[in-house]
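A.B. asks: Please build the complex by placing chain B on the supplied structure of chain A, with the hints as guidance.
Keeping their order, the protein sequence lines are chains A and B. All residue numbers in the first sequence are consecutive under the numbering used here, ending with 359. All residue numbers in the second sequence are consecutive under the numbering used here, ending with 304.
Derived by calculation from the structure, the hints in this document are not laboratory data. Virtual Cβ for every residue (Gly too), placed ideally from N, Cα, C.
Now the in silico label distances, taken between C-beta atoms and shown as ranges:
| hint | chain 1 | residue 1 | chain 2 | residue 2 | range |
| --- | --- | --- | --- | --- | --- |
| 1 | B | I52 | A | P332 | 53 to 61 Å |
| 2 | B | T158 | A | Q206 | 40 to 48 Å |
| 3 | A | V203 | B | M185 | 14 to 22 Å |
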Amino acid sequence: MRHIQRLFPVLALVIPLLILVFVIDQFGSASIQRVSTEALIRLVFAVGLYIFAGNSGIVSFGHMTFCAVAAYASAWQTCCSMLKPITMSGLPGFLRDNTIPLIPAGLTSIGLAGGTAFLSGLILMRLSSLSASISTLALLFILNVVYSNWSSVTMGNSTIVGLPVYVTIWVALAAAIVAIVIAYLYQKSRWGLMMRATREDEVAAQASGTSLYWSRLIAFTLSGFVAGLAGVLFAHFMGTVSISNFFLNQTFLIVAMLVIGGMQSLAGAVVGVTLISVLIEVLRRAEMGYSIGTMDFAIPRGSQELILAGIMLLILMFRKGGIMGGREFRWPWLVEDDGVREPELAKRARLLKMRLGVR
Amino acid sequence: MTNIVQVLIDAVALGSLYALVALAIGLVFGVMRLVNFAQGDYITVGAYSLVIPTFAATPAMMFGALPTVAMIFCVVLTVTILALLTERLAFRPLRNSDPTTLLISSFAVSYFLQSLILMLHGGRPKAINIGESLTTAVQLFGIRIPGVQLLTMGVAVTLLVTLVLFLKKTPIGIQLRAAAENFQMARLLGVPANRVIAIAFAISGILGGTISLLFVIQTGTLDIRMGVMPTVYAFFATVIGGIGSLPGAVVGGYIVGIVSVLLQSYLPEEMRAFRDAGVFTLVILILLVRPQGLIVTSAAKERV
Chain A
1 MRHIQRLFPV LALVIPLLIL VFVIDQFGSA SIQRVSTEAL IRLVFAVGLY IFAGNSGIVS
61 FGHMTFCAVA AYASAWQTCC SMLKPITMSG LPGFLRDNTI PLIPAGLTSI GLAGGTAFLS
121 GLILMRLSSL SASISTLALL FILNVVYSNW SSVTMGNSTI VGLPVYVTIW VALAAAIVAI
181 VIAYLYQKSR WGLMMRATRE DEVAAQASGT SLYWSRLIAF TLSGFVAGLA GVLFAHFMGT
241 VSISNFFLNQ TFLIVAMLVI GGMQSLAGAV VGVTLISVLI EVLRRAEMGY SIGTMDFAIP
301 RGSQELILAG IMLLILMFRK GGIMGGREFR WPWLVEDDGV REPELAKRAR LLKMRLGVR
Chain B
1 MTNIVQVLID AVALGSLYAL VALAIGLVFG VMRLVNFAQG DYITVGAYSL VIPTFAATPA
61 MMFGALPTVA MIFCVVLTVT ILALLTERLA FRPLRNSDPT TLLISSFAVS YFLQSLILML
121 HGGRPKAINI GESLTTAVQL FGIRIPGVQL LTMGVAVTLL VTLVLFLKKT PIGIQLRAAA
181 ENFQMARLLG VPANRVIAIA FAISGILGGT ISLLFVIQTG TLDIRMGVMP TVYAFFATVI
241 GGIGSLPGAV VGGYIVGIVS VLLQSYLPEE MRAFRDAGVF TLVILILLVR PQGLIVTSAA
301 KERV
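This is chain A alone, in the form it adopts within the complex (with noise of 0.2 Å):
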């Protein structure tokens, strides 16, 4: 009973994900099974970015990067072997003339981004909360301006095609829940108290014995371990790699899920990235056109993204929490005990208070 309702945070989220997913798998049709396999692989990346952005309060938009380094690194392992040699001549040889299996490209591919990840928080994470942020957008341009132009290693803008396609809803699945819960172990554990302590107050915290530096590069690493999981399942699953998909309107519609689900909670990021999703399909569809009855309705190309930039502002305005407000889903019969341990000292003031009988 206990550990269920210590581990209800996560129960919350992953049980209604699994009831999800297999109504989809045995009822949706191929379409909307796609757009949830997408959705799932938009929702590791978003709990990646969480893990960072939201147990430190530093918004990042150059997690792309992490996605961008692990997809193309998957792509180079795995791709057509026929074709390698000539369309991207400038890998080392190793990589050049042999196709290494899927489970080590990825696992290496993932290293890599969260490698990628910790060189850059080497230096990003000793700026100033509100500079690191900006800084992690050149992190972003730097990634776009290298890939787009290194034409015999990423083909440049071309489109990488012919990875094996082996990411189905289940996979996508598993790997939501298993980021999920790297998440909440991460949150629950003695760095991710630390960072969610400089999030509150950052000079209190450090006051306390808090490194900022430390426990920001510890976030920003897992966090980009995460968002190379992402990539790699993207890559595997669309079978193309292209790095226009790891631009700035990607970057936004993520950052729009987090903010909307709410950014200061686990909870928040899978609410936000579900109920967005499913908007944004209902909003897709709608722009092709609806029929009700003999009536064909529309509504304008790009209201999508009118729409979301809207909803994100009056969220900002009006519940700056996000849906979820910081929370995370609780054991709702129980409150007492919510996992937390009650400090050594306030207990030996409980029992003492107790033994002298004093109230």
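C.D. replies: Chain B only, in chain A's frame:
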């Protein structure tokens, strides 16, 4: 010799442009702690206001058909009104939020404006011709200089000097600087908050409009993302200069502008495409040495 002078003129022209955008961003940041991502879209909207909204690749002129002075006036006025509107509708309700929330909201405003242009004008780049007479080269002391570069440099330097004089000499300018230094204190001493913020936005609108015209004359194309690059450069300029410092923004703008032109001219041919990456890497390296920026202000650390 000729080459060096030309590079120098290019560098000063581009540096002044970035300095202007950075100053606009710095001013708005100073008065309300908002890093305004939408500054780039002010530029884009200004450029698109030259033509009638259609999906055509070579559209008919709207403001572009007016005589030069009227055209400049109309474009600058449009952008200024837009800047004031975004302030009134989007940023004023958020005025007391933390800088991160404001940054995200400006990201949303930017996305909104971009989607709006996309809806009205379509996504393809457009060709447009204004100020053709300016693109011819000018012979100066035996050196051929493109007229556009001279114009850009002239306009940017004039605007910069005017703005500095405005900030230093007029009462409103002094109020603005005071507010940028310490907004609370300035308010206590009788500086009206709404007015200085509106003026800061109006200035960023005027600068946005002017810059959009300079860009269009230079490139002859309209593109949905045309404002993004200069704004991102200006962001880094303000970060390098020390966020919240107006002189820092100008210095930072010149640094990124000059470095960008130098890389463009002296990198080997096959490396030139990576110019922007070089500039951004430099930004990160400068930050490695001076995380607080070149000129440190009280805004660099969060107040207790």
